[in-house]
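Asker: The residues making up each chain are set out below.
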Amino acid sequence: MRPLNAKLLRDIWRMRMHAAGIVMVLGCGLAVLIMAVGMRGTLERTLDAYYADKHMADLAVDLVRAPDRRAADIGAAPGVAAVETRISGYALLDLPQMKEPVSARLVSLPREGRPRVNDLVLASGRWPDAARPDEALVNEAFATALKLKPGATLDMIVHGHRERVTLTGIANSPEFIFVSAPGEMFPQPERFAVLWMGRDALGQAWDRRGAFNEAVIRLAPGADPRPASAAIDAALKPYGSAGVHGRDRMMSDRFLREELDQLGVLAAFVPAFFLVVAAFLVNVSMGRVIATERSNIGLLKAFGYGNAAIAWHYAESALIFGGLGLVAGIAAGIGYGRFTAGQYRAFYHFPALEFSASAATYALAAVAAFAAAGLGAISSVIRAAALPPAEALAPPQPASYGSGAAWLEQLGQGLDGKSRIILRRIVRFPRRAATTILGIGFAISILIVTQSFPAEMTYMLDVHFGLANRQNVTLTLGKMQKDSVLHDIERLPGVIATEPFRIDAVTFEKDGHRVEEAIFASAKGASLNRLIDRDGRPIAMPADGILLSRSLARKLDARTGDIITAEQSTGQRLRLPVRVAGIAEPMTGASAYMDLYAEARLMRETGRIGGAYVRLDPSRYDDFTAVLKKTPALMGASFVSLAERSMRRNFNEHMGLMTAIYASFAAIMAGGIAFSAARVTLAEQQRDLATLRVLGFTRLEVSYVLVGEIMVLAVLSLPFAAAFGTVMAIWLTHLFGTENFAFPFVFNPPGYAFAMAFTLACVLAAAMIVRASVDRLDMVGVLKARD
Amino acid sequence: MTAAFTLRDVSKIYGKGPAAVRALSEVSFDIQEGELMMLLGPSGSGKSTLLNVLGGLDHASTGEIRFHDMVLTALNDRQLTAYRRRHVGFIFQFYNLIPSLTARENVDLVREIAADPLSAEEALTLVGLAGRMDHFPAQLSGGEQQRVAVARAIAKRPAILLCDEPTGALDLKTGMQVLEALGEINRRYKSTTLIVTHNSDVARMGQRVVHFADGHVRQIDVNPAPARPSELVW
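For the record, the sequence lines run as chains P and R. Under this note's numbering, the first residue of the first sequence carries the number 5, and numbering increases by one thereafter. Under this note's numbering, the first residue of the second sequence carries the number 2, and numbering increases by one thereafter.
Just so you know, not all the hints are guaranteed correct.
Estimated spans, in silico, between C-beta atoms of each pair [unchecked claim]:
| no. | chain 1 | residue 1 | chain 2 | residue 2 | range |
| --- | --- | --- | --- | --- | --- |
| 1 | P | LEU704 | R | THR63 | 29 to 39 Å |
| 2 | R | SER201 | P | LEU704 | 42 to 52 Å |
| 3 | R | HIS69 | P | LEU8 | 53 to 63 Å |
| 4 | R | ARG188 | P | LEU704 | 35 to 45 Å |
| 5 | R | HIS69 | P | PRO392 | 53 to 63 Å |
| 6 | R | ARG9 | P | PRO392 | 32 to 42 Å |
| 7 | P | ALA398 | R | THR63 | 51 to 61 Å |
| 8 | R | SER201 | P | ALA306 | 34 to 44 Å |
| 9 | P | ARG20 | R | SER201 | 25 to 35 Å |
Chain R stretches covered by chain P per the calculated footprint, using a threshold of three residues with CB under 8 Å from any CB of chain P [claimed, not checked]:
| no. | segment |
| --- | --- |
| 10 | 50 to 62 |
| 11 | 136 to 143 |
Listed next, the in silico DSS-like pairs over lysine-lysine satisfying Cα-Cα at most 25 Å (straight line) [to be verified]:
| no. | chain 1 | residue 1 | chain 2 | residue 2 |
| --- | --- | --- | --- | --- |
| 12 | P | LYS514 | P | LYS559 |
| 13 | P | LYS634 | P | LYS103 |
| 14 | R | LYS17 | P | LYS788 |
| 15 | P | LYS153 | P | LYS58 |
| 16 | P | LYS514 | P | LYS241 |
| 17 | R | LYS174 | P | LYS788 |
Keep in mind the hints are simulated off the structure, nothing from the lab. Glycine included, every Cβ here is placed at the ideal spot set by N, Cα and C.
Bound-form chain R, shown alone:
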């Protein structure tokens, strides 16, 4: 197995002087290609900061992150944009769909900038929304909107899928549907998938679980038998 990401002494510090906040402290570990990894911890523990740094939305203050042979920490804004465009799919807690575009069009949007994308129909069928493709976001439920966001993220067949609290705003049933979709995509397309959650039950779905506290990685658990989303309760 090869490492998709290699992290060495990665720190992120916001602000300067006495007001400085250490959001990440010397984090070092590898993320394997095709792995479904959970980043678990209370709010403010640094898990989302790490996700943003891995996704190229933010710069690490010190340390080095490699994505295969690419040194992410050495890229400028323009190169980070190209990196996101080519390799990364994002899913957020609040969906962030474009309200003026239908489900299909939201997916089509990323297909415009992808090299070998799935069709919008394939992507939406994969998340169980084949029948709602021409609806606008305001006409969809929260769970449906999040599944459109998942379809949008996977349509460009990203090497990495970064999910920040994807079920945070959803109830159990719809959250489960979203996690099912994420699990299915991980299995089918071998996308390296990182899911940020503060919910230890959701974390049982991961092949490995990284525990965060105060910006430090406290421990990394290996889960020999990841739970299926239908087995989860939260």
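Here chain P stands alone, though its shape is the one from the complex:
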């Protein structure tokens, strides 16, 4: 082995504690990078493969009723590769284990063979017999939530009739990867089922024999969807078509795309923190190495080693740290990725989801690792290369201190000697102090950000369930009905108050901008269900005209006072001009809102409603649900308290884990920085600390000098951390916000307190580990040696 290589290995061994910190911090950042980028790729690939394999629909259309022969017209549209016409609708399930009825989406299966579009994956059991109207497949999420096995039976009310079906199997579909009941903000697997049944059974139930009310369409690769949509729209217009829509209106796909975007944000944001801190750590430890190696550098140069060889020698150790960090990051990233894939698998029931990161991802991680290590080392390496041999061989000048700024000296006068040592060192090495402050501040910031999410989600849930949705139940009718139905609802047992609503699917148009959306209308002075803005205030509904959400207004380029056109998506397809009465920023939702009577007038359908919000007498809850299970006209009944409970439970489980993961990241980051800073302080001050011991200072007093410095820096980092963490949290709430959720930033003092206390505790723990060296100080040896 070349002597320089032997020296390199020994140097690295000597720096192993510093190296461990660098490797851990680098490893954390790269692990998140590899997990997030890899998981994003994995999900995209899995989704693409799943969609391709099971012929996920590119287009879909809902209609009232079209004869089966019209399927040929759809198949003849340009670019259409396959069509599956279906009968689909909603039913209520009456489950013995649940008081409340559960909504179910029923989807027909073809009479022969498998669906040509939106095919299924059978997880267990067998396909239903097409000739048996009482057999069905159920989606896996629901089956898992209710522990249903093939062979189980379900009672349901379909179109007013009570039916009993036997589950022959459990299945998944690319169409329902993310499943959420209509009108629900979040998925509740136990509250919504998808059932696939024979076409004849559903045809009979909904009186659609020889007809269909839904078509899903797959296009040939590369085909333009526009001419296909136009042709299909034209063919189906007479049959009550709501218009062809693409994947952007298919809820499952839309939700998954948002999830992918959020992984992208995570991939960029978290690793950046760690890489910067890793670079800091490399900078600190390499700076220390060069300082202690001065005479060796001089000696090597005196022997004739060139500047480049010296530079490379020291750069190598930084790059080895980068390499070790890369190995650790890849190992941890694959582990983290597999763990996350398991979570996704359990949640989405993908048929096959195996985490794998591409070569490009690993290459990106390698570039990041070596860039962080290299940037951290560069100033020290340049210093080593530039050191003239004669100067390097001379003993280093003792650290020279001068009086600092007058106000600092004033401050110093009030302190005891030990505290003054701490103060002077911080003032003397401002760059290093700043580095430590920034690094610890980053760790605190990460925790502030991760702690702000639960607060924001809690706030959102509080607003959603406490202010916006004050009804106990939302009853959705199968179709628009006369408002006299409200009297029937009022007569249900336990009903205290009702509020009617209607939802109309429309296409808005203004100056060539077209957006498919819905108008939500509720009664004047509604108090059960209200629109709430980001600050938690109710948004007043104008008596006339339409209220647009900010994102919808932006898409339409509409302003208050503009006249826009709303075209009905169903029924008569009327084109109706309406005045924009205002623009609002509701916390959830991105639709348009109107007063119920203004809306009914606009739609030329006064006195018809789509459902009702209901407030219940809690003592009569059981009577209410028992009657509800037998009510035929309902499409769905959403129970707010169940939704809230399920939401908060899911959220707590998820957030608990996330907090644990990010708390350990912050601990590693803060611990690594504190450890490294304390080791450097110890190395530089060994002599001073030994002197203090000789003078008669106790271990505790001497430890104070060492631990005090790092703790002062940690405390100094708090204002920076609070400010930076807040900015990051605000920025991230903005990035994570989707069209439907405007995340508000919520200032959460306990979150800040936790972030700061936890990080300070980690810093203290790391400093205390280094402090143990004070007990082993060789007083005689240190004092006899010349500086």
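Following the hints, put chain R in place on chain P, whose structure we already have.
Answerer: What follows is chain R alone, placed relative to chain P:
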């Protein structure tokens, strides 16, 4: 006259087995209160080891050392720290000042842990540095730094002043100033002063000179007329 230290069969052995090194071998003698004693010998002869053991920086392997009624050899680390804190002032060859504190602050540092200390001004004036009190170590010459170290050692009015080669890193003129200061303090405060040196000329300043060789005390000379530092040449 009473004995400040009583040493009986004191040995110090580093290492174990065949690699063991006997740094001190069964040393026995008394050190009188207020005495200025020189420990003379070549390097490795055991004089510094004895100084460290007397100062509570190191433990003797065998034997007994008493400081008045206190059995030093029976004290644990915590008690030795308290002993150093209360009774001992140290001066080293390489000064060991805290570089981040001024001369005055270096002296003030020990005043914080002393019961009845001199003021920093008194201590620094005594060593002739009244005009350099607010300078940092890096702004002082070697001799000045060593005199600050002397001021720091005496500020707590220690019963014992232990000096390990205090002039080892200094030239004649500045070394003489340091020895003058040590002599003056010994006279004025009656501190029992032990100075380790390998220089037989410097040793002429002591009231007694203990000769060390190979860890043994070879002889103890009594010097009826100690030389003044200005008379020394080395």
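Asker: Between the alpha carbons of LYS634/P and LYS103/P, is the straight-line distance 25 Å or under?
Answerer: Answer holds: LYS634/P to LYS103/P is near 12 Å, not above 25 Å.
Asker: Looking only at beta-carbon atoms, does the pair HIS69/R, LEU8/P fall within the given range of 53 to 63 Å?
Answerer: About 58 Å separates the Cβ atoms of HIS69/R and LEU8/P, which means 53 to 63 Å holds.
Asker: Hint check: LYS17/R vs LYS788/P, CA-CA at most 25 Å. Holds or violated?
Answerer: holds, 23 Å
Asker: Using the beta carbons of HIS69/R and PRO392/P, state whether their distance is inside 53 to 63 Å or not.
Answerer: holds, 56 Å
Asker: Falls inside 35 to 45 Å, the C-beta gap from ARG188/R to LEU704/P?
Answerer: Distance hint for ARG188/R, LEU704/P holds at roughly 37 Å.
Asker: Are ARG20/P and SER201/R spaced within 25 to 35 Å by their CB atoms?
Answerer: Taking Cβ atoms as reference, ARG20/P and SER201/R lie about 48 Å apart, which means the hint is violated.
Asker: Within the segment 136 to 143 of chain R, is the number of residues with a Cβ closer than 8 Å to a Cβ of chain P three or more?
Answerer: Per the Cβ count (4), the hint holds.
Asker: Does the structure keep LYS514/P and LYS241/P at a Cα separation of 25 Å or less?
Answerer: holds, 23 Å
Asker: Given a hinted range of 34 to 44 Å, is it respected by the beta-carbon distance of SER201/R and ALA306/P?
Answerer: For SER201/R and ALA306/P the Cβ distance comes to about 38 Å; the hint holds.
Asker: Tell me if the straight-line CA distance from LYS514/P to LYS559/P falls inside 25 Å.
Answerer: holds, 10 Å
Asker: Check the following: the C-beta atoms of ARG9/R and PRO392/P are separated by a distance inside 32 to 42 Å.
Answerer: Roughly 56 Å apart at Cβ, these two residues miss the hinted range, so it is violated.
Asker: Tell me if the straight-line CA distance from LYS174/R to LYS788/P falls inside 25 Å.
Answerer: holds, 23 Å
Violation of the numbered hints given earlier is confined to hints 6, 7 and 9; the remaining hints are satisfied by the structure.
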